[in-house]
Structure formats: C-alpha cells, structure tokens
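With chain V fixed as given, assemble chain Z onto it according to the hints.
Protein chains in written order, with our numbering: chain V, 1 to 326; chain Z, 1001 to 1729.
Please keep in mind that the hints were generated in silico from the structure rather than gathered at the bench.
Here are the simulated SDA-like pairs of lysine to any residue, each with C-alpha atoms no more than 20 angstroms apart in a straight line: (1) V:K105 with Z:P1644; (2) V:K89 with Z:T1654; (3) Z:K1678 with Z:G1561; (4) V:K103 with Z:F1648; (5) V:K89 with Z:T1653; (6) V:K103 with Z:P1644; (7) Z:K1425 with Z:V1021; (8) V:K89 with Z:L1640; (9) V:K105 with Z:F1648; (10) Z:K1377 with Z:S1033; (11) Z:K1678 with Z:V1689; (12) Z:K1425 with Z:Y1030; (13) V:K89 with Z:F1648; (14) V:K222 with V:S294; (15) V:K89 with Z:G1652.
Since the structure is predicted, the reported quantities are computational estimates derived from the model, not experimental observations.
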Amino acid sequence: MVRSRLFVMIFGAFMMSVAACDDTVDPILDSDRQFTLWGTLDMNTDVQHIRLIPIREVLDARLGPEPNVSVRSVDLDTGETVAWSDSTKTFENGTSIFLFSAKLKVQPMHTYRIEIASPDLPLITSAETTIPPIPFAEVFEENVSSRTSPSGAIIVATQQIAWHRVGQNPYQIEQWYRFLEFGSFGFQDLLLSYVPPNQYRAGLNELDLSLDLRRQRDSIDKKLNLNQVRLVGLGQTITVLDDAFVPPGGVFDAELLAQPGTMSNVEFGFGFIGSVGRFSVEWVISDESARILSYTPLSGAEKTGYDVSPPSRRQARISAHPWTNE
Amino acid sequence: MLRGFVNDDENAESLMGVNVVLTSPDGKFYGASSDFEGLYVIASLPAGRYFFSATFIGYETRLDTLVFGAGEIRTYNFSLAFETHELDEVVVEAVRDGAGAAAVVAGLQTIRPRDIDLIPAPDVSGDLVNYLTTLPGVVAVGDQGGQFFVRGGEPTQNLVLLDGILIYQPFHLIGFYSAFPSNVINVTDVYAGGFGARFGGRLSSVINVATRNGNKRRFEGDISAAPFVSAARIEGPIIRNRISLIFSGRMSVIDQGVEKLIDTPLPYSFSDVFGKIHANLSANSQVSFTGLQTYDRGTIDPVGAADTLSSSDQVIWRNKAFGTRFLLLPTSLPVQAEIILSTSEIENTFGQEIDPARKSKASRFNFSANMTHFTAKSNVDWGLFLSSIRLESELGGAFQSISTNVENVTEVGAYIETEIGDPDKIRFRPGIRVASFPSNGVSFLEPRARLVYDVGVHRFSAAWGLYHQEVVGLTDRRDAGDVFTAWTVSPKESVPAAMHAIAGYQIRPVPALRIALEAYYKKLSNLSIARWSAFPQFTTTFQSADGEVLGFDARVELDTGIFYGFVNFGHSKVEYVAQQSEIQFWFGTRELTFSPPHDRRHQLNALASFATYGFTLGIRFQYGSGLPFSRAVGFDEFVLTDGPTDVFEEEGTTRVLYGQPYDGRLPSYHRLDISLDKSFTFVGGTRLVVQGGVTNVYDRTNLFYVDLFTLRSLDQLPLIPSFGVKFEF
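Extracted from the complex, chain V is given alone in its bound form (with noise of 0.2 angstroms):
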C-alpha cells in the first residue's frame, strides 16, 4: 500500500513537472538590421533610385510592413545632404515594391552615403559608394593596309585604343558605327554586339583595345548596304562600375550572392549600393583607310586604288565624357 502510494506520489510529480516544461523556441534571430537596399547611382542621369526592403518575417512579400522611413543622401566630399522621396510599384501579381528617388547629379569620384532613418528605430541604415572617375581614352591612328595576292587583295585595318584610370574591367563595352544614308540628313547608328578582344591591366587602371577593323566590316556589311550609306565616324562606349562591384570568386552568380552579406555595402542592412559610369569616345578614320575598308567617306570623294597607309602615329588625345541615351 505504502509502495502504492509512493509510485502515485512520483508519478504525479513526474507529469506536473514535464507537463509545465513550456519551451519556445525563436525562429527569429536577433538583428539589428532592419533594410534591404538595391540599386546604382547612375553618373549619366539626374534622377537616382534606389529600392528599400524593410526585413520581414513572413515568406510572401505582399504581407510585409510598409517602410516608415526618411531617406537622405550625403555627398561626404562637400556635405551636400539630399532628401529622398518614396513611391510604390505594384507588379501584375500584386506585389508591391518600395522606391525612393532623388534629383541627384551625382559628381566622379565624390563618395556618397544613403541612409535611411526609422523613428522606431535606434540604428541608420546606410550604404556608401564611391563614382568612379571619368576615364580618358587615346585613340591610335588606324593601321589599314591592303595588298594583292594571287587570291585577291588582303586587307589588314587595325586600331589601337587605350582607355586610362579605368578602376577596374569595365562591365560592357560597346562599338558602334555612324552612318548618313545617301540622299538623307538622318544618322544610322549600328551597334556591334562584336567586343574586341582586351587586355585590362588592373595595376596601371588600364585598358588597352584593339579593333579588327576589317573584321568589323564584314559584320556591317550583312547588316547595311554600304553602297547607300558614308561612314561618319566610330565610337566607343564602356560602362564602368566602382571599385565594390567585386563579387567572391569574380563571378556574378545569383545563388553566391544571395546569401545574406555576401557582396553587400550595406550597414546594418543587407544588399547592395553601387554606382555606374558610361563614356564615349568618338572618332574617325582617315578616307583612304575607309576607301580600303569598302566605305564612304563622308567627303564622298571617290579615290580609287589602295595605298598603303603611312606608318601610324599617335593621335590628339581625346577626354571621353559622360554620354547619356538620348
């Protein structure tokens, strides 16, 4: 009996205490990041964006708060402050994002801060980018030379082009060509998708390019009828990014980066602030070395025959600039 009653006294016991074990468990770590920002300042506009996600806890975006924030940019080079304003856009499947613009020329080299400021919250996110230096280019003289051979005329028509304080591998680069069409005041621009074989040297901020000429020929004669159009010039167009557009291991692959403060610039936050230049360099070529080349020149004049063109010699330094599609 006594045996009994022992056993009921700890078996109670026993289910009391187990059964008031209550443990939680937080699936949410503690953060004091509170933002995501994406997006890039742009040299070539006046009216910068970036996107802002406040960090939620629940997998469908639609059911995410909305930001209560002030957002402001800081040139730290001369202190000059801007406010940011917000709006939304909605997608077809009803999520919606959040937006924050600025009137901003953003100036070469300047460093700027966005931050953004929660009055529910202690801490600014903030993210700092640096634009990245207007780069010049020097454009060699073309080397078009054409010989005849028992197959017919070789043509060799090569350019040199040598971009300088270039931060880091440009993210594109692109040739174009400007025509005027016969009889027409109209430019035709053509935008090979060709990229010239490179060689960027990291140490010296150097670009160094070198153009088939020839090679592209071939490439616009199966798109334009050279016969109706005169070769106006050739121009080149690179994007530089700033030096934090380095993802780990040199490839942008969205699986590697997509893990949280992989690749970000962000203070307590997550994501990515970067900015982005564009430049142009125009130019052209010499009649005779687009006579070679099967073009027009723009003079018109008919020439007939192939010279070998002299010994190339470097040409007048030319500054690229900020070039904005029109």
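Using the frame of chain V, we list chain Z on its own:
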C-alpha cells in the same frame, strides 16, 4: 543431412526458434534452430540411428527416431502443437526468446508481432513503426511526415524489404502507422548498421519484414475501428494445408475520428492493402506471391500553407510492390535456393492535386537468387541480383522553373558470405558484395563482417562493413515539413559511401533480465545533400558532404511474465561536413561542419506493460533532445546586382536571410502514452478486444518543426484520447 520445415499445428504458420536435436546412441548431439521460415538444417550426420527431439517452449515436444544412411539428405517436415496447460508467463518468455528490446546483436534486432503489440498506440492493433520508434538511435522527426532516421542515416538510406521486395516509402504520413500492421508480420529484422553482404544499395539500415503465410487450416480474421484507422484482415486456406491466403486492408478515418476528438486540423488520409498467397508445392518447395499498395495524402502544415499562396498544396505518395518468392530444397543437394522476382514503385507528388508542381517516380524490377550451401563446418550463402531501375522527376513550383529528368539504371551483382566457428560459442561471418552499374560505369566492392562471441551469460558482438548507394533520394532538409523526395542517380565521381563499425555487449544474468550496450561509428562520404541556398525552393542540385556518426545505446529489459518493460537510452552525434564551393565565400572556411536536422543527441524510451486479470496496461514514455534547425533574420527580395540595376523593373527573388545553417536547436521532445486493453473470448473462439488509451497524456506541446519559409512553429499532436475495438473471428 536432416532438414525440414517446422510449423504451428494450429494454423500451419512457420515456427521460428524451434530447437531440433539429434542424439546418437553414443551420446553425441547434433542440433539446429529453425529460422523465420521454420527451416532447420542439420548438415553433417554420420550414418546411423538417432533420437530426434524438437522443442519449443509453449509447444509440445516432438520425439522420433530416425535412421540415416551415409550421405543421405532427408527432408523431415513436422508441426508442433500448442501446449495448452503451459503457464502464460513461460509462453511470453519463450516467444520473446531471441527477440526483445535488449536482444541486440551488432546492430541487429529481431522484432516479433507480440513485441509490437505491447507498445501503446492510439489503435487496438499494433504497427511495426511504433516499435521502431522505441529503438535507440532511431529518430522520427515528428508524429507526422513518415520520416525515419536510423543511427544518423537519412530515410532514403534505409533498405526496407517486405518478403524480399523493396518498399520505397513504407511509413505513413501519420507517425503511428506504416505499411506493416503487426497482424501480418511473422518477424522483422532491423539492422541499424553493419548488415551483411546479402543486403546492399543503401547506406544506413535494413528493415527486413517477413510476413506470415496465412492460416492453412481454417479461415480467421479481424475487423477493427480506432480514431485513426479502420482495418480488416482475413486469412485462410484456399486448398487446406497446401495453399493459404492472407489479406489485410486499412483506411484512415481521421476526419471522422481523431480530428473531431482533438478539434485540430489533421488533413491526412492514407490506406494500405496487403495480400499474400503462399503455397507448399511439395515437401521441398514453396512459393508465395506478395503484393502491397499504399497511399498517403496530406498537408504537413495546413495552417502555414493557408498563409501562403498555395493553400491546397499537398504531398501524395503511392507505393506499389509485387513479388513472387520461390523456395526450394533440392532433393539431392545440401542446398537451399531462393528466387525472388519483384517490382517496386513509388510515386511522389507535391503541389496542387490535379497539376502538382513536383513529381517524382521510381520504379524497379528486381531479380535475385539466394543460395545457401550447408556443409559440415559452415554454411555458405551466395547470391546474384539484377535490377532495372527507372527514375523520373519533374520539378517546378514557386520561385523556380520546371526541370524534368529521366534516368535508367541497371544494377548487377553478386555476394558471398560464410559463417565460421562454433555455433554455441563464436561465429564469424565474413562476406563480400560486388555491385556494378554498367550504364553508369561504376562498380563497388564491399567487404562485410559480423562476429558473435558467447561466454556463459555474456555475449560480445561486432560488425563492420562498407556500403555504397548509387540511387539516392533527395529531400530538401531545410524544410522539415517538405517530405517530397526525388530519386536520382548519384554523380559518377561521388557515389555516397559509408563505413560502419559496431561493438556490442549483452548480458543476461537471469532469464528475466537482459542488459545490452552497443557503440557504433559510421563514416559517411559523398553524401548528396541539397545545396545550401537562400532561395526557398526545392532543389535537386547536389552538394557533396561527408559525415560522421558516433553513438552508443544502453538497453535494459525485464520480463517477469506479468510485467514486461524496458528502458532504452541512446546518445549519438551526427555531423556533416559540407563542401559546397561557395562556403568559403560565405563563412570564411573551405568546409562547413554542421549538425543535420536529425541530429538528436539524447533519447530515452521506456515501456512498462502489465498483464493481469485479462487486462494489459501499457505505459510508454519517450524523450528526445532538441533537433537542429536553421534560424533566420527574416525575408526579403534578392536583386542580382551585377551591373547597372533598374530597380523599377527588377522584381527580385524572395530569399531567406539565414544565419549559420542549423545553428539553432528545437526544444526537447517528450511524451507519455498509456493504453489499457481487455479481451473477451466468446463461444466458438471469437474474441473482442477493447482498448482505451491516451496519447500525450500530459498534453505536452512538442514542437514538430519551424517552417523556414514561413518561420512558423508547427506543433506535434496534442493529447489524444482513443478508444478502439477489434473483433477477431
């Protein structure tokens, strides 16, 4: 040579563990014990006259006198009749001989239906899965999901066989049920590791279920009703004493039963149908046809799913398996031959029922021939196997594009193993298995060994082996509620492999008490685990990982007849080392060591069963320390910023802002279940069994998992009162 089949005189079912002894006039003994098919073999017998005895506690002893000529091979089949005046307690002890909670031998545990029926469950009928969850080292992550991890292995690394037929996913969504109700099981061998050369193709464990053949004397059956399922079984002779049929079917009644009892949504339904025809073709040969079909459907997290866009997403899987098994004892050869032809299929979908986002299907045709040569000093087992496997998957869903994959694999191989030593003292069983996948250009050589050493009441055992798994099941373990599995072929250069080492000790100081200790180590390499990703999408992109499992079990079992109980304690540590190339960029180290979500460090299972005055009271307590899970800061959208970014047009991809993988631990799990059974016997031998019980007696709020995609916590089942009845005829 003397051999034969022993069966129960009442129903002609095979009897396992019958001691058959021949005594020569000069007092020499020759003996053997029957296996799960009732087969006994005494290999080497000099010519002469022998006194024959077959004993099995609880049954009448069979005595005879046999005369053998030189080199004679004789088949001697017989039945043993139940000894009605035997004490109940002795019967209980006898039936559990060789089985039982502490009767573990180098990772091998034999489970009898009676052991299963002792485990309290919300059902009047037992189910194998309820016993499996009492085993130390077996981790079930929850009451729902049907996922079992054995000594650190993944669920898809378990080889589950039903009469030699592979069953891909035999565990139902509700954790109290599998495809194996206890009343169709003859015996189940569970190798938690260190399994022999006969088994292969899986890294972790073997659950080898042998079913009953059915009553060849008369028809019998039962029907039952309980809060989770209704079930029926019927068996009987098609041709008396020659051909029998057993059929079992179960169907869930959750919506009419338990859901109303606990007022909690449990949107699950499942069913299983088992059938078997067994025929004694002659004294030396048998054939059986076994079929199984299962169906599961449900939503693991119905509330969480309702929070998201796809509230009607559900997981569905279907098993279909059919096989025939031919057993032959050639008249003039000291050989047992077994030939199995089988097909197995699993179909798994996730998403909307009509057009699921993810589909996976694995089908397999299997041929195997298993031979045992009986010689004077040892048995030699060898076999050949051939499989043709087809794997199909179509993976789509939120946040990802659809990818389809079809693979065909052929496997051929052979094995040989032998047992050397003295059956009463030391038995060493070395073996080797060769498996080749010609279509993939890979072959494996897998040595295995098992050792058992008996000294008085002490038993020492050990096992060691190498294992490979060419066909792997991929489940995204980031989400414990996602039980969808895609089967695929391992990359040729990194086929998952394992090395097992087990050492055990067992002591039985008195017949009623058995204590066992066992330590184990598994070294895992080339595991194919889902790549770590911040995107909340199912992935079949592999990353390679190595792993280590180190643990030990302690078991104490007491059986006095009126009282039966055991306490099992398990400690283990599972660590994976991931080698995903991005890890060095994310975490600053080349490898990431983490505890996978099934790394349960401590487990305790205790059972107490009292049988008196016609009542059987069962009390079960289980405790498990918390499982790892990944915590997160929250969610946002990821925009790939690889150049100028147009934030107006980039919608972004939703991602989880994870911390370190699996750096959190869920709270510990514990639960107490109680059941009380009472049976009433009526005239004509019919019986009514009534059961009442309570699952999770103190209504512990056990956490099932934290949904990483919704960061919601999902609880396991609350207190469930249950009442069941079973009518046996």
